[in-house]
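Line by line, the protein sequences give chains B and F.
Going by the numbering used here, the first sequence opens with residue 382, and the numbers climb by one from there.
Going by the numbering used here, the second sequence opens with residue 328, and the numbers climb by one from there.
Treat the hints with caution; some may be incorrect.
[Stated by the list, open to error] In silico DSS-like cross-links for lysine-lysine, where the CA-CA straight-line distance does not exceed 25 Å:
1. F/Lys330 x B/Lys438
2. F/Lys438 x F/Lys397
3. F/Lys365 x F/Lys438
4. F/Lys365 x F/Lys330
5. F/Lys438 x B/Lys438
6. F/Lys397 x F/Lys330
Hints are computed from structural coordinates only; laboratory data are not their basis.
Only a predicted model underlies this, so the values are computations on that prediction, with no experimental measurement involved.
This is what each chain is made of:
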Amino acid sequence: KAGVTQTPRYLIKTRGQQVTLSCSPISGHRSVSWYQQTPGQGLQFLFEYFSETQRNKGNFPGRFSGRQFSNSRSEMNVSTLELGDSALYLCASSSGLAGGGTGELFFGEGSRLTVL
Amino acid sequence: AQKVTQAQTEISVVEKEDVTLDCVYETRDTTYYLFWYKQPPSGELVFLIRRNSFDEQNEISGRYSWNFQKSTSSFNFTITASQVVDSAVYFCALRDGFKTIFGAGTRLFVKA
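Chain B with its partners taken away, still in its complex shape (with noise of 0.2 Å):
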């Protein structure tokens, strides 16, 4: 069973700049999560989508924001970069149940994004 699958890997931006990171779920998987993930703030929690409907979201500004498609597929969207804003981004998918999830997750190899 593939795993997840994240893309780009790498990229560098600039401040100013928007971007857009992609996953790709394990196979069966109707839940996606996004974490942010910096030396400093350790693993912070961006969103989880079920089903293309977001369940949740951290606290982070509107300047994230993300989308989950009918094929499970997820994408989170960062506009007007910030230097801070650096920091590995990881998605992990899950089987989930419907009502809240207790399955674990599994994580993707993240997406490492540097603003210059």
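Please build the complex by placing chain F on the supplied structure of chain B, with the hints as guidance.
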């Protein structure tokens, strides 16, 4: 509000020593799930174990064991006879509702 605290930032042990990683959590929910994940130097987070709030039975898997105590809101992880390959960052996580949050992680160094 949810919160996961891993007070140990870094732990260094010599191979074959036993080591316990601490995790304390906070939640208002009566139904929740606790997890441990491992992030080796290669970077990819790997699931280790899940416990639900109604199952306080401790679990052992090879050299790994987990102690879940609701009375102290703790979910500690012990590695017995540590090996160099155990060197990684270990994260404790809590899920209630539609959100999984992680502790800050404990970096474990196992020296040969």
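Practice problem: Could you check the structure against the hints above and give me the numbers of any it violates, in ascending order? | Solution: Numbers 2, 5, in rising order.
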